[in-house]
Structure formats: structure tokens, C-alpha cells
Amino acid sequence: MISQLFVLSQRGDNIVFRDYRGEVPKGSAEIFFRKVKFWKGDEPEEAPPVFNVDGVNYIHVKVAGLLFVATTRVNVSPSLVIELLQRIARVIKDYLGVLNEDSLRKNFVLVYELLDEAIDFGYPQTTSTEVLKSYVFNEPIVIDAARLPPLGPAAMFMQGSKRMPGTAVTKSVVANEPGGRKREEIFVDIIEKISVTFSSSGYILTSEIDGTIQMKSYLTGNPEIRLALNEDLSIGRSGGGSVYDYSSSAGGGIVVLDDCNFHESVHLDSFDSDRTLTLVPPDGEFSVMNYRMTQEFKPPFRINALVEEAGSSKAEVILKIRADFPSSATANTISVQMPLPTYTTRVSFELEAGAVGQTTDFKEGSRKFEWCLKKIVGGSDHTLRAKLTFSQESHGNITREAGPVSMNFTIPMYNASRLQVRYLQIAKKSKTYNPYRWVRYVTQANSYVARL
Amino acid sequence: MSGHDSKYFSTTKKGEIPELKEELNSQYKDKKKDAVKKVIAAMTVGKDVSSLFADVVNCMQTENLELKKLVYLYLINYAKSQPDLAILAVNTFVKDSQDPNPLIRALAVRTMGCIRVDKITEYLCDPLQRCLKDDDPYVRKTAAICVAKLYDINAELVEDRGFLETLRDLISDNNPMVVANAVAALAEIQENNTGPVFEITSHTLSKLLTALNECTEWGQVFILDALSRYKAADAREAENIVERVTPRLQHANCAVVLSAVKMILLQMELITSPDVVRNLCKKMAPPLVTLLSAEPEIQYVALRNINLIVQKRPTILAHEIKVFFCKYNDPIYVKMEKLEIMIKLASDRNIDQVLLEFKEYATEVDVDFVRKAVRAIGRCAIKLERAAERCISVLLELIKIKVNYVVQEAIIVIKDIFRRYPNTYESIIATLCESLDTLDEPEAKASMIWIIGEYAERIDNADELLESFLESFPEEPALVQLQLLTATVKLFLKKPTEGPQQMIQVVLNNATVETDNPDLRDRAYIYWRLLSTDPEAAKDVVLAEKPVISDDSNQLDPSLLDELLANIATLSSVYHKPPEAFVSRAKLATPKPDDDEEPDAAEAGYSESSPSRVVNGAPAPSGSSPVSHTSTSQAAPVPPTATPATAAPVPDLLGDLIGLDNAIVPADTAPTTAPSLPPLPVLLPKATGQGLQISGQLLQRDGQIFYALLFENNSQTVLDGFMIQFNKNTFGLAAAGALQVPQLAPGASCSTLLPMVLFQNLSPGPPSSLLQVAVKNNQQPVWYFNDKILLQVLFTEDGGLDRPEFLEAWKTLPDANEISKDLQNSVIHNVDATTKHLLAHNIFTVAKRNNANKDIIYLSAKLPRGITFLVELTSVIGVPGVKCAVKTSNPEMASLFFETMESLLK
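Chains G and B, in that order, give the protein sequences.
If you use my numbering, the first sequence closes out at 473, no skipped numbers anywhere.
If you use my numbering, the second sequence closes out at 1014, no skipped numbers anywhere.
Each hint can be trusted.
Derived coverage of chain B by chain G (criterion: at least 3 residues anywhere in the stretch with Cβ under 8 Å from a Cβ of chain G; other residues may be distant):
{"#": "1", "stretch": "145 to 156"}
{"#": "2", "stretch": "256 to 268"}
{"#": "3", "stretch": "289 to 302"}
{"#": "4", "stretch": "322 to 329"}
{"#": "5", "stretch": "390 to 402"}
{"#": "6", "stretch": "424 to 437"}
Calculated from the structure, these hints are not laboratory results.
As the structure is a computational prediction, the values presented were derived from the model and not from experiment.
The beta-carbon is built from N, C-alpha and C at its ideal position, and this holds for glycine as well.
With the hints as constraints, model all of the structure from the sequences given.
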């Protein structure tokens, strides 16, 4: 099992270091960091999450800019260790409200106590915040960032790492509010990450939704909760065949998930009959359900890119994006990137008339340009013209050396899969018991790409 | 208090430590607690606060759990450096282990187990015994893990005090958390123990499968991993197990899913019904694909595992190739793995889609990824005959973009395509030649030169093209020089005109006189002799038709693949290496206490058999082993003009030449020619040997005993002057000749068979299988390592007896010479297969009979010097546990014999 667990900052500083078995030499953190930093010499290349140096296996994950690392000498299950590291990060976040270098340093005694209860002799014991509460006695010292209003605007979805958006709430599960009483509330977030690849002629080559229903409960007494999903939800794709048969998807239609899995606290007794999940939510943040869908769906953005050569060493790029979602929703923090031929020397941009909150940038180092838009209202169109100047004659194959166009965005209160929470029922303790219930949807780009 | 004061004065100024000391001894609880926190804070940033040991331990007696935990944290850290003071804490520990609060009881036993001080472990036993039977499950589960901790410190103590039995009892505990920890502890102890500690019977199996449903996710992984060692008796049982495990595939925890997949794959081996297998494959696909929606780190582990799974069972994911298409924001390590799997899943049905993807990837930014994508196109061409043409047209399109590294990579793969489909696609050579001057990487250059040489008759200006390379011959890397040499010879044989004749003179001169590279020089000499003795023979050899290569798609050797599949969901399946290749427990690597004596014994051994001492820089062995640099100086004086005189007979040369040619031309296909022998066990890991790794195993071939050895030089220096010596041992095994290991450059390796003789340096005392080996070289200290002598390599071919002889011999030996043992880990699945297997190791079957569902086999075997073993094996087919009774004139050898049988009947 794991021998040591440590948390390093981005600069390689040791923030937390716990040795469970004393079989790996002390310098392991430095060896690890040097290896990760110079994985491929000077080239910036990410090290794989699992590798072996001199008989010591190093397994790591990146969470919120921190490196969570475990070492071992035996043939462990690497997925167990990776899951464990991620879970440890989540438990710490549950306790501290926010996870960063500062909060870890301020609470190191608590963190060590958590690590001792969660792992014994390298074997994971429990990583449930709920269970840990009865064994852990230190109180978190909540740092300022944790006192953000619990329900900020859309910025709330920007928490956590880029890949795994943490839910909005940066409030410790265990610490009491300054006022003394805890607010009774529960958050349910339906987070969907969508991946779409458009061919050069605008067809959809691949499309996929990775969704998760995340819950974070601040309810006292752990009441039972019923969560009802679409009644017509069906699971399991029926064979291959016409996966991209658009004729059938025009209207409502049923939601078909390829596969899904559930948190261990979820009872599925009535799931087959009426698509409701029953659970007693443990404290802390957790995924009630993860799902994956390749059923055709309407991509929220259409990307149209046109490259025209203008003379031997000049070209013009016209990028058009159309927001294909209802005008009631608004996407924010949109960025569109396009790699350019290596011999591009200058780019001049031309934004549409009356453009607000749009910026453009030619990144010479990485030879690509970036177009950022603060927000896009559903149903609208936006266009960018970029004139490229080359240092040499292009060989007539600019399209092969430029692109693909990739896009990042977040659309709050919109989900592409049409998976819905019909209702969220909390077992009542008394007539006056009426906790706050927040059900929120958000769609994010994962790999959203249009080829040239 | 005066003591306290004196210490106070001993520091020159009032610093942090004295201040903390004062606070630790404060009467106020809060102040005490704050002080301990400050101490811990100092400890974690690496300050030495061990001088406060006594003061911190004084804070231990408190009801405040928060404070107690802090003190314990401190103790774990410093007990090792202050063992005498640690004893002070023992009383409190023992008291705490009987506290009415279960949290305190558990905390005490957990912490004591972490303090690796011998004196403390003695006191740990009684509290541990109590806690293992505690009423509270939290205490029991903590105690279960503590047994593993104690075993790590003092294995004997655990066995003597009967903790293993108690641990086994806990498997039936009513709390799943306790069961899971007991399983984890037993599995770990088993791993470090050769005896049967944790056997999974059908009874434990059903208990554990039940516990599986109630455990935490982590417990589920422990149980699934432990159960994967269980071999089901038949298909029906296997199906039952699979049915109980399948729901785990729906778990949100990826580790649970992968461990369940492993379990199902293992049981599937036994399931015969194709319907059931097909159904299981169908069930496994969605959860495996879902793993790819997890974080990239999980994806990476999943992809490495899927890579193995699709090699064994390609149908599982045959229709899912789209999920392996790369996303633009995938980390590079994920993209690389996805490419591998795409190649494996590529078929005539999906190749168009796949090629479209590869083409796209080939224009991305990351150079390594682009190269791999280009190579992938070539591999698909080699794999799918019907798609080859489409693949090639994509490659040509990519060449036209004129991105340097894309062109070079394309040329490398096109060379392989030519070898796979000879006389089919040569029309594209002209296009390739256009890019000639942009090549600057050795492998691409070598490939292009190979193409020019191979098709010299079709390329009008082949001589001009080659000549352009010749100018820089001395500066080229060895790889290119070798290809230039061969290509020029080919050109000359195909077009024996004036130009090529001049060229060949230049090349041969360059490659013999001007070079230090023995490979190049030797090859040049062979060509030279061949051309000067018999040009027709040279044609037959050099222009011989090449064997058609096939796609290896990085396929693993089947036996390695099976071993890796049995290790799905472990690090082994991520590295694609068997566990023994990278697992080296620290315990094994640390020097043993008796190491001090060993050098003497080994030194004595050296002088005893000094005749076999190897002379430094001895000539490398002849044959196909790598040519060593030491031979350079010896061969150099031979002048080129003398060649005809010393020319060896042509046929011998041909043998070598073909070997060389085949080994070097298809640079990409080397893995297919790798030996199919199972890897030798590592005896000296590179971590211990300063980069030198030695693997080896004794074996018998045609009645002669050999020591198969593999030396791998992973260090940064050239190693030479290898010698080997064996310490005295029970059978007097010693080297029969000198160790034939040439100079090893960094990164080089050499395998050798060392002939061995018996009865050279016998050690007195009770028989033991221990073989102590010493290896030295000129650059490093002497390395000592231990191997095992298994009797099976010693048994002679004349050990067979017929029934009357057997009975006679059995009767004449006194009953006291009969010894029997239950080999609990052994199992006989099939009598005929087993007897055949044993016969291969010179253990001869005398008779077989079946009695009340038990099979009894009588066997005989003989060691040199007439030590005969008469054996009776009793077992139930397919059920673990074989009773082995042995009667022999040397009963003290019986234990060695049992060890041997156990290894043979695994």
C-alpha cells in the first residue's frame, strides 16, 4: 500500500508530508518534483501520473494547482491511489472550505489529523467527510476566501480546476457560520462537460456529454432526500447504427444515457420504475451520479471558419460563431483559439461593429490567436476577421498548418442533454422546516473543436 | 524544577526551544495545547524539536483527544531517534488501550504500531490481543491493520503469538470494515511470506463475496484484489463468482470498477459457454468506456489497462473506437495511449474514419504526438492489407506539406511498408527522393538509404544519390554508416559499373581503416572478403529475398500478456512489466546483519578455484553475442591486404552475414525477434547494483547444469572485467568455466549461459537451498546476492524406477526415513499434465492410482551421487493441498525436496 503522501505547491514546496511506512527515503518529494518538472528535459511536457524512479513508484494528481502525491514500493492498484488522492483533496476542501496553499498551511494540524484517520499504514480507511466528523476534533481555521457569499453570480462555476469544476460553495462543512447558526441548505448541481468535433464542412464527427450530478448538503440531521429525474430517461444505447440520425432528435424525444454510475449512498429501488433516486446525503461534496451520453444533441455553438489566401504571403481568417441556445441563457468567459502557421509574423484583427467586452491577442510564442468574449446571449452571432502576414510564401496549404479552432465556454442554467431534476424532496422534520434548495445547471466546453 | 532551570541555562540565549519547553509545562491546558501545536509546526517544517521529547510525552496523559493525537503524532516522528525515552510512553499507551472510550483504545494501538522501536513492540502484544477482540468495530479494524504493522517489524512475534489465527477469524467478523482490513492485512503478510498465510477456500470466498456488498469502496478493492488469487474449480463456480462481482462495474469509484474487471477477466478464462462470454464482454464495455470520462490521471491508468485487454479480447471494445479519438485538450500522455489503442482497434470497417483522425493529428503542434500519428498510419498500412493504399496516399499528402519531422517519420514507416508489400508501391520512390536533402535524423536517413540500395535498379540516379551521402560518411552516426555500406554493396552488385566500383572502394576503405566502430568494420571486412572471393555468392547473400515483415503493433509476448492480464488494475499493468521487474521492497534491499561475514567467505571462494579466474579484457565469445570493444585492439593490426590469406571459409561467413543483415536492416521490427524465453528473475536489482542489474536462474539442458544470466548495464559508465564466484553450498555448485561477459557500454546488456559443476565447494552443515553468489567487475564494488538451488535442476536423467524396483527400495529404507508434508499452496488440476510436467524435470512417474476421489501418484527422482527420492503424492484433483510423502536415504534433504515440489506444483 502507499508509503507516503505529500502535497506540493506548484513551485515544489512541501506543504504536507506524511510517512505511513518508513520504507521510502526522505528525499522522495524532491526526487519526484525534479522528475515531473523535467520530464522531457527542457520541453514542457506533462509527466504521466504514474512512474517509477529507483524502485519507488510515484503516483500523483493535480488538484487546484497543487500536486497530491503518493509513493509506494509494492504493486498497488494505481486507480485506487489516484482515487484516494482525489478524495483526500475533496475531504480537505470540505473541511477547509477552500483548497489552496494558504488554507492548508493555516490548518496543517487538522490536515494531519484527517490524514491519520483517512489512511492507516497506507491503507485507505474512510474518505467520507460524514464518517470522519466523528473522529476528527480539530476545528478548521477558515480563511477569508471561504467567506465569499455562498451564492455568488456565475463566477461561482469558475472554482476549482479547469477540468473538474467544483461546485459553487466555498463554505466549510464543519465550521460554523460566524453568526453561530448554520443555514439549512442543499445544493444540487448538474454539470455537463461537452466535447464536439466538427469536420471542415461543419458536420459533427464526434460528440459526447460527460455529466455529473453533484450534491453538497448543509442539512442538519441528515434527512432522506428524493431526487426525481426525467421520467423518460433510458440507459444503454441500443446497438450501433444511426447514431447521428438527426431526424429523430428534432423534437423532445427521450434522453438516452450510454452508461451511468452512482454514489454508494444512493438507493435505486424505484429508479427503474419512476427514475427517482433516494439517498441520505453524507456531509460534504460528492457526485450522486455520473453519466455519459453520445446520443445526438444540439451543440450550443456553431463554429464557421473561413481561410482565404490574399496574395502570396497574406491570408484572411473569418471566424463566425453562432449561439444555438435559447435567448434566456447566456454563455460567459468564452475564448476561441486558433493555431496559425509557424511562419506567421503579424496578425491584425477586425471586430464587428459595436463589439463590447471582446478582446483579441496574437500569441507569438505559441503561434496562435485568441479571441475572448465576456458573454454571448443565446441566439446571437459574432464574427471576427483576422489578417495574417507571413514571413514566407505559403505552399497553398494554410488550412493544413493552421487550426483546429477550439473553444472554451461556460453556460450557466443550460444543459445540452436535457437531463432534468424534476423535483428535490426533503423528508420533513417539522412543518416549519423548509431548507433552501438550490438546483443549478451548467454546461462547459471540454474539447470543443472545429477542424479546418 | 532545578533540572528544568539548569537546562534553561544551558542555552546561551533564550530561543524558541526553551520558550516552548516552558509552555509545554504550563498548568493551563490551552497553553499546553498551543505549545504542542507549535512543536508540531516546527517539526513539519523540518526543525529539530526532538530535545523536547520528555516534555511532550508529559502532555500525553490527558482526556483531551485533540491534544492526545498531537502528542502521538510527535511520538511517531521522534520515537526512533529517542528509543529510550519512548519507553516512557509505554505505560500511557497500555493504559489508553484499556480506556472506556473506544476512540482512545484504537488510537493507542494504532500509534503503538507506528512506533518502530523494538522495545515497544514487546509491550504492544497484549494490548493488541485485547483490541483484536474488542467489542467496538472501530477498535477491531484498527487492530487488524496493526497486525500487519507488527509483522513488518517482527514477523516471528506475530506468528508466535497466534495473531495470524485471530486475523483469519476476523474474516468472519460481522462488521464489513473489520473484514476488509483483515483481508488487507492478511494479503500483505502473505505477500512477504512463502508459507500459506491467507488461503482462499470456497468458504472464505462466499463470506468475502457477501461482505463485498456492505463494505466501503476501499474495502471492496481490498477484497476484490484478494479474491483475484482464487481459482474457481469449474465453469459453474466461475460464472457464480462473476455474477456476484458484476454489479461492482456500476460503482462510481474507478478502482472498484477496474478490480472488478480484473476479477471477471480471470474467471472468464474458465467459462466455456460462448454466450456467457459474449454477454460479459458486452457488460464490461460501457464501464470501461466510462473510465475515459474521469480525470486524465484515471484515464491514463484505464488506457494502459485497456491496451492489454484489447490484445486479449479485441471484441470487447471493437465498436467503441470513437471514444479513443483524441480530444484537443487531452494531456499528451493520454493522447499517446489513445493512439496505441486506435491502432489496435483499427479494422477494414473503421479505417477511413481512423485515417481522417491520424491525418488531423499529424498537423498538430506537439512534435512527439505528430510523429507517433505518422507512424500510426504506417502501422495501419502494415496491419490492414486492404487499406494499405489509402494509408500510403495519406502519407504522401503529409510529405507534401514539407514539415521536416513529418517527412522523416513518413520515410521511416514507408520503408517498413515496402518490406511488408514488396513490389507493390515502389512507384512512390520518386516522390520520396524529392525530400532527400531535408533529412537530418539518423533513422530517417538510414531508412532512405536502405530504400535507395534496395531499389537501386529502379532509381536512375541511385549512384548520384548515394554519392551525395558518401561525402559525409565519417561524420555520420553508426546507424547511417552501416546502411550506407550495405546500400553501396547492393548498388555495386546491381550495377557493377565504374561509378559504383569507385564508390565501393571509398566506402570499404572508410569502414575498415578510418573507423573505430567494430560493428561497421567487421561488416565491411565480411563484404570485402565476400566480394573478393565469390561475387556470385555475395549476390545470393546481399540481394537475397527478405522475409516479409508483419505488423507487430507493439504486441506483447503471449506469456507476458497473460501475466500482465492477471495483474490488471495494478502498477504492473500500467508499466506493462511483470511485478518482479520493479518491485523491490526496501526490507530486502537493506543489508542483512550477517553481510559482514560474507565477503570473507566469498573471497576464500575466489582463491580456491583460481584456475577459472578470468583475465581482464579477455576476447569476447565468438558467435552472435554483441561484439565487444575490447576486441578492437586485437583485430586492428590485421592489415586489409592480408584479408584473402586469412579469409575464413565462405559458408561460415554467410552464416554470420545473414544474421547481421537481418538484425540491422529492419530497424523497426526488432521486437519480433526478441527471444520468447520467460524473463529471468532479477537477483540484483539495478537500484542495489548502482545501475547494474543481474537476473539469473539455474537450469538443466541435456544433462548439463547451466546458470542462465542476464547482465544489464543501466549505469553511466562502461563496465568490464566481469567475474563470478559462488560461496560454498550444499551441492558444491561452482562455475565450470569463466564468465563470458564482454565489456558493457551504458545501456548495453548481455546474456550468457555459464556451465556449472557439482561437488566443487561443498559446505558442511544441514542442507540448504541457499546459493550465495558474488559478481565483480573492474568499476564497481563486489556485489553479493542470493539465489535458490531447486532440486529440479539437479535431478539426473537416470532417476526412473519400475514398480518392483520402487517397492524394493521403499521396503529397504527404514520407516524413520519417511517424511511427509502438506503442500497447501500446491494443486493438481490434471494428473497426466502434472506427470508430464514433472517428467520434464526428471521426476519420473512409477505408478498412479485413484482411491475414493483421491489421486495418488508414485514418483522417483535421483540426485547425482545416488541420492534417490521415493515419492507419494496424494491429492484431490483441482483442490488446493497436496500431501507429499517422501522416503529417502538422506531424510535431511526432504525439506529441499518439498520446496522443489511446491515450486513445480504451483
